[in-house]
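*Asks:* Take the sequences, apply the hints, and build the full model.
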Amino acid sequence: MPLRADARGRFGEFGGQYVPEVLIPALQELEAAHRRYWNDPEFQAEYEFYLREYVGRPSLLYFAQRLTEALGGPKIYLKREDLNHTGAHKINNAIGQILLARRMGKKRIIAETGAGQHGVATATACALFGMECEIYMGAEDVERQALNVFRMRLLGAKVTPVTSGTRTLKDATNEAFRDWVTNVRTTYYLIGSAVGAHPFPTIVRDLQSVIGREARRQILEREGRLPDCLVACVGGGSNALGLFAPFYEDRQVRMIGVEAAGEGIERRHAASLTAGTVGVFHGARTFLLQEQDGQIRPAHSISAGLDYPGVGPELAYYRRTGRAEFVAVTDAEALEGVQLLARTEGIIPALETAHAIAYLPKLAQEYGPEGIVIVNLSGRGDKDASIVARALEEKLGS
Amino acid sequence: MNRVDARFEKLRADGERAFIPYFAAGDPSLSATEELVLAAAEVGADVIELGIPFSDPIADGPSIQRATERALRAGTTVEGIFRTVERIRESSDVPLVLMTYFNPVAYRGVERFCQEARQAGADGLIVPDLPVEDAEELLEAARAQELATIFLVAPTTPNERIRRIADATRGFLYAVSLTGVTGARDAISPDLQPLLERVRRQTNKPVCVGFGISNPEQARRVAQLADGVIVGSAIVNTVEAHLSEPQRLVGATREFIRELLTAVRSVRGPLR
Chain A
1 MPLRADARGR FGEFGGQYVP EVLIPALQEL EAAHRRYWND PEFQAEYEFY LREYVGRPSL
61 LYFAQRLTEA LGGPKIYLKR EDLNHTGAHK INNAIGQILL ARRMGKKRII AETGAGQHGV
121 ATATACALFG MECEIYMGAE DVERQALNVF RMRLLGAKVT PVTSGTRTLK DATNEAFRDW
181 VTNVRTTYYL IGSAVGAHPF PTIVRDLQSV IGREARRQIL EREGRLPDCL VACVGGGSNA
241 LGLFAPFYED RQVRMIGVEA AGEGIERRHA ASLTAGTVGV FHGARTFLLQ EQDGQIRPAH
301 SISAGLDYPG VGPELAYYRR TGRAEFVAVT DAEALEGVQL LARTEGIIPA LETAHAIAYL
361 PKLAQEYGPE GIVIVNLSGR GDKDASIVAR ALEEKLGS
Chain B
1 MNRVDARFEK LRADGERAFI PYFAAGDPSL SATEELVLAA AEVGADVIEL GIPFSDPIAD
61 GPSIQRATER ALRAGTTVEG IFRTVERIRE SSDVPLVLMT YFNPVAYRGV ERFCQEARQA
121 GADGLIVPDL PVEDAEELLE AARAQELATI FLVAPTTPNE RIRRIADATR GFLYAVSLTG
181 VTGARDAISP DLQPLLERVR RQTNKPVCVG FGISNPEQAR RVAQLADGVI VGSAIVNTVE
241 AHLSEPQRLV GATREFIREL LTAVRSVRGP LR
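First to last, the sequence lines map onto chains A and B. Numbered according to the working numbering, the first sequence terminates at residue 398, and the numbering increases by one at each position without gaps. Numbered according to the working numbering, the second sequence terminates at residue 272, and the numbering increases by one at each position without gaps.
Bear in mind the hints are in silico, worked out from the structure with no lab data behind them. Only a predicted model underlies this, so the values are computations on that prediction, with no experimental measurement involved. Possibly wrong hints are sitting among the right ones.
Covered, in the sense of this in silico footprint (three residues per stretch, anywhere, with C-beta under 8 angstroms from a C-beta of chain B), are these stretches of chain A [claimed, not checked]: (1) 8 to 21; (2) 24 to 35; (3) 175 to 186; (4) 267 to 281; (5) 287 to 299.
Positions of the beta carbon are idealized from the N, C-alpha and C atoms, including for glycine.
*Replies:* Take a look at the structure:
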């Protein structure tokens with residue numbers, strides 16, 4: 001059983017509904033719809049159908065033998081979310097929320113996106129169900145993720161560059177909220193991570209929990225026991241929670257969330273759980289990056305998907321209670337992670353995912369060969385090819 | 001008595017509507033804000049709303065977003081705004097309410113924020129992203145300091161919720177005229193009249209309307225429907241239009257406020 005938010009949408013002190021009044025009735029409507037349909041066998045059957053027939057689930061739990069040997073520690077298993085249709089875990093959430101939106105009678109879908117993975121997943125799900133789709137994306141991300149912008153447009157979505165603030169994911173989220181405030185009666189806001197006002201963090205967590213449920217079953221089949229440790233990268237937290245939540249009550253299973261340390265924790269970074277403080281942002285009380293007067297401090301990461309100054313409230317609670325540990329790796333270390341996995345396993349991970357990989361050499365020292373670690377391989381790296389190429393140019397060119 | 005309550009009592013006795021201009025504090029500087037507030041008070045504004053800039057204003061449209069960015073770039077701080085309120089209080093008794101997103105309040109600590117706001121001379125708070133369900137701590141701290149707590153109702157707010165929000169409100173209830181963000185609009189939203197009719201059935205507290213009101217004619221029409229008229233973005237736009245000629249900035253804004261006020265004052269007698 002995963003952890004549940006209380007009646008006021010909180011995990012301990014975290015969460016809540018800090019949004020303009022216009023949206024409160026919409027959140028209450030969404031909460032009621034989620035409660036009704038999440039336990040509805042018909043909804044579940046339809047969701048499972050699309051996960052199986054369209055997304056390609058269950059995703060593989062792959063034993064990474066060469067990586068395991070290279071690290072000289074525990075057995076490393078990779079939960080292959082990168083093999084999902086559209087190349088990341090984001091589609092699990094997009095399909096589930098579209099099914100919810102359809103049942104609620106909403107015709108128009110809006111979403112925010114950072115790297116473009118959630119935008120592509122949303123545009124894909126909208127194309128599949130013939131729904132109108134508008135994606136908000138920071139102007140800076142539109143530039144650095146041109147391929148994903150093209151994919152979204154090809155899928156029939158309108159991509160709106162956001163030029164306010166830092167022109168990245170946080171500002172795209174602001175703009176999606178503003179659209180929702182304006183068009184709340186007709187529009188469904190399909191949020192991409194386990195962040196925002198209640199019930200969004202719970203909805204996204206529930207939909208992504210398919211990752212951990214499968215992994216739990218697969219490892220029991222394969223090894224006859226639970227893993228010692230789970231590892232996932234953390235931006236807003238949806239792939240981490242998706243893997244962690246079904247193991248919540250398995251107290252012997254350690255959980256490690258890997259955040260983006262960017263240029264280093266002393267400089268510009270995106271590590272809100274490792275180095276942030278508690279505040280209220282995008283509808284929830286949570287850990288975030290803030291400076292004087294509670295102004296939000298711009299995040300930095302080489303990975304657009306982790307470049308966000310907040311984190312979901314449920315992971316904030318995991319940190320507060322010590323249920324999960326959180327660490328951070330730098331841009332440079334993430335690039336090492338990309339190469340490590342590419343060369344040992346022939347798998348090029350997304351830059352987000354590479355943060356989780358990059359922590360493995362350190363983690364491997366804590367376990368012997370009998371140890372078992374599952375890493376959420378949340379996305380594939382094609383989208384980042386040009387960024388990685390630029391960063392590694394000198395090294396690979398020689 | 002709180003200055004906001006006192007003003008609404010007098011307006012009701014005189015059969016007049018309130019005119020409430022909004023300024024983004026620190027846009028383009030706190031000294032300009034001080035001059036603008038004093039000019040608005042001198043012209044006769046009933047209450048003045050002073051916005052504390054926040055980096056991520058999700059309830060605001062482009063005009064106030066840009067004003068916020070200018071204010072933050074100019075180095076505006078909460079401390080600086082409190083000092084500005086103190087200076088205004090040296091020469092004016094105009095009721096002043098602070099509008100801010102919740103994080104700047106939470107960061108300082110709710111109790112400390114209310115104490116300092118009161119000490120500086122502010123009369124009330126509007127926190128648009130703090131729903132009434134989560135406002136207990138703020139309500140308690142604000143009451144202890146005799147600060148008005150002004151909550152918002154929107155066209156999407158159901159009746160029983162309007163009552164709950166009205167119960168928590170001190171000063172006046174802020175009716176959002178449309179489903180949307182702040183910003184000047186060409187026309188008054190058709191959502192407004194049904195909302196006000198619903199609000200009237202739930203409360204006798206003063207109800208002021210904001211969001212989208214952009215010119216004297218619209219202000220006059222809204223004054224026929226409500227106890228007060230709030231104009232934000234259109235005033236912020238006037239400030240923005242004069243950034244390159246600072247010597248005219250205060251004068252032009254004062255003139256616009258005078259026109260709006262005249263329109264609001266042209267409506268008299270009890271509310272229909």
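*Asks:* All hints, please: hold or fail.
*Replies:* To see whether the hints hold, each was checked on the structure:
1. 8 to 21: The restraint on the region 8 to 21 of chain A holds, since 7 of its residues have a Cβ under 8 angstroms from chain B and three suffice.
2. 24 to 35: That given contact holds, which follows from 3 residues of the region 24 to 35 of chain A lying within Cβ reach (below 8 angstroms) of chain B.
3. 175 to 186: holds (count 7)
4. 267 to 281: Coverage by chain B holds for the region 267 to 281 of chain A (3 residues, Cβ < 8 angstroms).
5. 287 to 299: Satisfied; 6 residues make the cut.
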